[in-house]
Amino acid sequence: EAGVTQFPSHSVIEKGQTVTLRCDPISGHDNLYWYRRVMGKEIKFLLHFVKESKQDESGMPNNRFLAERTGGTYSTLKVQPAELEDSGVYFCASSQDWRNSPLHFGNGTRLTVT
Amino acid sequence: GQQVMQIPQYQHVQEGEDFTTYCNSSTTLSNIQWYKQRPGGHPVFLIQLVKSGEVKKQKRLTFQFGEAKKNSSLHITATQTTDVGTYFCAGPLNDYKLSFGAGTTVTVRA
Numbered sequence: 001e002a003g004v005t006q007f008p009s010h011s012v013i014e015k016g017q018t019v020t021l022r023c024d025p026i027s028g029h030d031n032l033y034w035y036r037r038v039m040g041k042e043i044k045f046l047l048h049f050v051k052e053s054k055q056d057e058s059g060m061p062n063n064r065f066l067a068e069r070t071g072g073t074y075s076t077l078k079v080q081p082a083e084l085e086d087s088g089v090y091f092c093a094s095s096q097d098w099r100n101s102p103l104h105f106g107n108g109t110r111l112t113v114t
Numbered sequence: 001g002q003q004v005m006q007i008p009q010y011q012h013v014q015e016g017e018d019f020t021t022y023c024n025s026s027t028t029l030s031n032i033q034w035y036k037q038r039p040g041g042h043p044v045f046l047i048q049l050v051k052s053g054e055v056k057k058q059k060r061l062t063f064q065f066g067e068a069k070k071n072s073s074l075h076i077t078a079t080q081t082t083d084v085g086t087y088f089c090a091g092p093l094n095d096y097k098l099s100f101g102a103g104t105t106v107t108v109r110a
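Protein chains in written order, with my numbering: chain A, 1 to 114; chain B, 1 to 110.
Heads up, a few of these hints could be off.
Computed cross-link-like contacts, DSS-like style, restricted to lysine-lysine with a CA-CA straight-line distance of at most 25 Å [unchecked claim]:
#1 Lys59/B to Lys44/A
#2 Lys44/A to Lys97/B
#3 Lys70/B to Lys57/B
#4 Lys15/A to Lys41/A
#5 Lys51/A to Lys15/A
#6 Lys44/A to Lys54/A
#7 Lys51/B to Lys70/B
#8 Lys70/B to Lys41/A
#9 Lys54/A to Lys78/A
#10 Lys78/A to Lys15/A
#11 Lys97/B to Lys51/B
#12 Lys97/B to Lys51/A
#13 Lys70/B to Lys54/A
#14 Lys78/A to Lys97/B
#15 Lys59/B to Lys97/B
#16 Lys41/A to Lys78/A
#17 Lys70/B to Lys97/B
#18 Lys41/A to Lys97/B
#19 Lys78/A to Lys44/A
#20 Lys44/A to Lys15/A
#21 Lys56/B to Lys70/B
Source of the hints: derived by calculation from the structure; they are not laboratory data.
Work out the full structure, taking the sequences as your base and the hints as a guide.
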């Protein structure tokens, strides 16, 4: 079974630019999550999709972040315009069951905003 | 809201020694999960504890869930270089959202 894949693995952009991150969950996993980790901090929840619907986006920092999951397959997370504080590792995770199912994480995208 | 706190943040261990990392929640948890992230890797699920006082073992790793279901611990015996990484505990904020601690980063001196 293929795991969760994320692209790109690294991205370095300047403040004010736009970046789009992509996540392909494990096939058949309806639940897709975005998390972010800033160096030395906790892995912080950003949002949760069930199929193509946003179930919870309470963790999204502000309206510069836009997540989509068209067709309920892969997801994108766009940051526009990027700010310095957006730097960190963005993890995507998926799970099959609804309640408290363990998460399968991708390798993450390391975003650096300069 | 609920927060999950982990201590210590860093653990430097001599190879062969034992150590314990702790996880504490401000609220009662229905379950707790532990993940391990190797350097340069991604978090990988290790185990889930559900019952009050539950103890589970995976080879040299022993996981425990407190009686009040507000804390958990991970004890590693005879630490090896393969144990290097960051260990995260996570508790559910609701049925689908996990709250992660900041992790305990383990380094091993050979």
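*Hints that the structure is at odds with (numbers, increasing)*: 1, 5, 13 and 15
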